[in-house]
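Undergrad: Chain A is already provided as a structure; the job is to place chain B on it using the hints.
Protein chains: 2
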Amino acid sequence: MASEDVKLLGGWPSPYVLRTRIALNLKSVAYEFLEEKFGTKSELLLKMNPVYKKIPVLVHNGKPISESLITVQYIDEVWTSGPAILPADPYDRATARFWATYVDDKFFPNMRGIAGAKEEEAKKAAVGQVFEGLALLENAFQSSSKGKKFFGGDSIGYLDIALGCFLGWIRVTELFAGITLLDATKFPGLAKWADDFCADSAVKDVMPPTDKLAEFAKMLFSAAK
Amino acid sequence: MASEDVKLLGGWPSPYVLRTRIALNLKSVAYEFLEEKFGTKSELLLKMNPVYKKIPVLVHNGKPISESLITVQYIDEVWTSGPAILPADPYDRATARFWATYVDDKFFPNMRGIAGAKEEEAKKAAVGQVFEGLALLENAFQSSSKGKKFFGGDSIGYLDIALGCFLGWIRVTELFAGITLLDATKFPGLAKWADDFCADSAVKDVMPPTDKLAEFAKMLFSAAK
Numbered sequence: 016m017a018s019e020d021v022k023l024l025g026g027w028p029s030p031y032v033l034r035t036r037i038a039l040n041l042k043s044v045a046y047e048f049l050e051e052k053f054g055t056k057s058e059l060l061l062k063m064n065p066v067y068k069k070i071p072v073l074v075h076n077g078k079p080i081s082e083s084l085i086t087v088q089y090i091d092e093v094w095t096s097g098p099a100i101l102p103a104d105p106y107d108r109a110t111a112r113f114w115a116t117y118v119d120d121k122f123f124p125n126m127r128g129i130a131g132a133k134e135e136e137a138k139k140a141a142v143g144q145v146f147e148g149l150a151l152l153e154n155a156f157q158s159s160s161k162g163k164k165f166f167g168g169d170s171i172g173y174l175d176i177a178l179g180c181f182l183g184w185i186r187v188t189e190l191f192a193g194i195t196l197l198d199a200t201k202f203p204g205l206a207k208w209a210d211d212f213c214a215d216s217a218v219k220d221v222m223p224p225t226d227k228l229a230e231f232a233k234m235l236f237s238a239a240k
Numbered sequence: 016m017a018s019e020d021v022k023l024l025g026g027w028p029s030p031y032v033l034r035t036r037i038a039l040n041l042k043s044v045a046y047e048f049l050e051e052k053f054g055t056k057s058e059l060l061l062k063m064n065p066v067y068k069k070i071p072v073l074v075h076n077g078k079p080i081s082e083s084l085i086t087v088q089y090i091d092e093v094w095t096s097g098p099a100i101l102p103a104d105p106y107d108r109a110t111a112r113f114w115a116t117y118v119d120d121k122f123f124p125n126m127r128g129i130a131g132a133k134e135e136e137a138k139k140a141a142v143g144q145v146f147e148g149l150a151l152l153e154n155a156f157q158s159s160s161k162g163k164k165f166f167g168g169d170s171i172g173y174l175d176i177a178l179g180c181f182l183g184w185i186r187v188t189e190l191f192a193g194i195t196l197l198d199a200t201k202f203p204g205l206a207k208w209a210d211d212f213c214a215d216s217a218v219k220d221v222m223p224p225t226d227k228l229a230e231f232a233k234m235l236f237s238a239a240k
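Sequence lines, in order, name chains A and B. Per my numbering: the first sequence ends with 240, consecutive numbering throughout. Per my numbering: the second sequence ends with 240, consecutive numbering throughout.
Be aware that a few hints might be false.
Because identical chains cannot be distinguished in the list, a pair is counted as satisfied if it fits within a single copy or across any two copies.
[Stated by the list, open to error] Below, computed lysine-lysine pairings styled on DSS-like, alpha-carbon distance capped at 27 Å:
#1 LYS69 to LYS121
#2 LYS233 to LYS22
#3 LYS78 to LYS163
#4 LYS121 to LYS68
#5 LYS56 to LYS207
#6 LYS161 to LYS68
#7 LYS78 to LYS164
#8 LYS161 to LYS78
#9 LYS121 to LYS62
#10 LYS138 to LYS22
#11 LYS78 to LYS133
#12 LYS121 to LYS139
#13 LYS133 to LYS161
#14 LYS62 to LYS227
#15 LYS201 to LYS62
#16 LYS207 to LYS227
#17 LYS121 to LYS78
#18 LYS201 to LYS161
#19 LYS164 to LYS121
#20 LYS68 to LYS138
Hints in this document: simulated from the structure, not taken from any laboratory. Just so you know, these numbers come straight off a predicted model, no measurement behind them.
Pulled out of the complex, with its shape left as it was, chain A reads as follows (with noise of 0.2 Å):
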């Protein structure tokens, strides 16, 4: 594919552009990665996604793709030749959605609620979200994976991308909360399950490392002070 032209507006802390650059990986699609420069906005930024102005873009061709869920089905769309992101079952697709969107409208958003808390009382309340969250996630690991390695069988998949992007950001989590949130007891799947995504070669390479992350997280609280 000689004639491919595919560029990603991204930034390295961000888990939406690390969901289409994992996309992107296992399909083996080569791409140039356009690092936007914290805090500002590039020009092809604004002209690319005018509406929401926010990175992850995909620039294929020339055309925008943006909303990074919705990039992931994309690609999964166009490179068809790579293994396929989504299921092929549309029961395990509209399953795969479902907890897709429960981690974007409700675990990510709480999991920020413990980073957010200003008192005791409201981490520890988080913190509950938080694991109801996991023990969600848990059972449907432990349904969707049938005793295979991800949630996607095998191979990752959508709802792999989709929660596993956030896994640094996780980690980054537990070491400022001084918690453990993917307890391997209260949550074995998940647990080996993080292990086993953050070891694929899809996503060794851009996983950014906790401590890398955590000097950005410190970076932004003390901007926000």
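TA: Same frame as chain A, but now just chain B:
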């Protein structure tokens, strides 16, 4: 398909339920409509959607599917003999998904802001945001429909359903706020599209009449006071 068992847990005023009804109609799928009593949650609903406890839930051969846009995609993928709801081209699919997400995340919350505004200033600001959204959607309509009746071309597609389900509530908002949102001089494409959408055989029998919705809205507002 004599063995198909299709039930829909819903309620007539819900735009999200309407999405699934229109999708089922487009595919000529017969289904049993199980109306949830407003303000209560049936045992079946709690069992079928334990995470959100919300309608609509499609129950297909005993298996639940929830979240309206996910359900519409499921219907499209299962009943492939009917007209396609999602576009065939991956880029067109991504574009339809992008605007459908915009409708849910921005457009409809802004529209609700008109009804929820307590002061004239706040109402003006909300109306301004809705007009901005309609301008974006008018552009999207012009480029997606390519001179045809619907976003999806000659027949109703994904984005038609995603936006069209709100037409009843747009009319009610216009009525209560004494304004015209779908102004044919400002948004000629959308104004005609709205008429074509409501007149379609998959829509006209399930779109709630504006006066009935207005009565329901009055009841909601007086209950909220």
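Undergrad: All hints, please: hold or fail.
TA: Now the hints, each set against the structure:
1. With identical chains, the CA atoms of LYS69 and LYS121 are at most 27 Å apart both within one copy (20 Å) and between copies (15 Å).
2. In this assembly of identical chains, LYS233 and LYS22 lie within 27 Å of each other by CA distance neither inside one copy nor across copies; the values are 29 Å within and 51 Å between.
3. Taking the closest pair of Cα atoms, LYS78 and LYS163 come within 27 Å of each other only across two copies (23 Å); inside a single copy the shortest separation is 37 Å, beyond that limit.
4. Both within a single protomer and between protomers do LYS121 and LYS68 lie at most 27 Å apart by alpha-carbon distance, with minima of 23 Å and 14 Å respectively.
5. Taking the shortest Cα distances, LYS56 and LYS207 never come within 27 Å of each other, neither inside one copy (38 Å) nor across copies (37 Å).
6. For a Cα distance limit of 27 Å, the shortest separation of LYS161 from LYS68 across copies, 26 Å, qualifies, whereas the shortest one inside one copy, 39 Å, does not.
7. In the homo-oligomer, the alpha carbons of LYS78 and LYS164 lie at most 27 Å apart only across protomers (25 Å), although the nearest pairing inside one protomer, at 35 Å, exceeds that limit.
8. Taking identical chains as interchangeable, the C-alpha atoms of LYS161 and LYS78 lie at most 27 Å apart only when they sit on different chains, with a minimum of 18 Å there against 38 Å within one chain.
9. Taking the shortest Cα distances, LYS121 and LYS62 sit within 27 Å of each other only across copies (20 Å), while inside one copy they are farther apart (30 Å).
10. Taking the closest pair of Cα atoms, LYS138 and LYS22 never come within 27 Å of each other, the shortest separation being 39 Å inside a single copy and 41 Å across copies.
11. Neither within a single protomer nor between protomers do LYS78 and LYS133 lie at most 27 Å apart by alpha-carbon distance, with minima of 43 Å and 42 Å respectively.
12. In this assembly of identical chains, the alpha carbons of LYS121 and LYS139 lie at most 27 Å apart only when taken from the same copy (17 Å versus 31 Å across copies).
13. Proximity of LYS133 to LYS161 under the C-alpha cut-off of 27 Å is found in neither arrangement, the shortest distances being 40 Å within a copy and 52 Å between copies.
14. For a Cα distance limit of 27 Å, the shortest separation of LYS62 from LYS227 qualifies neither inside one copy, at 30 Å, nor across copies, at 43 Å.
15. Proximity of LYS201 to LYS62 under the C-alpha cut-off of 27 Å is restricted to the inter-copy arrangement: shortest distance 24 Å between copies versus 46 Å within a copy.
16. Proximity of LYS207 and LYS227 under a CA criterion of 27 Å is satisfied intra-copy only: 23 Å inside one chain copy versus 53 Å between copies.
17. Within a single copy, LYS121 and LYS78 get their C-alpha atoms only as close as 31 Å, which misses the 27 Å cut-off; across copies the closest is 23 Å, which meets it.
18. Proximity of LYS201 to LYS161 under the C-alpha cut-off of 27 Å is restricted to the intra-copy arrangement: shortest distance 19 Å within a copy versus 54 Å between copies.
19. In this assembly of identical chains, the alpha carbons of LYS164 and LYS121 lie at most 27 Å apart only when taken from the same copy (24 Å versus 37 Å across copies).
20. In the homo-oligomer, the alpha carbons of LYS68 and LYS138 lie at most 27 Å apart only across protomers (26 Å), although the nearest pairing inside one protomer, at 31 Å, exceeds that limit.
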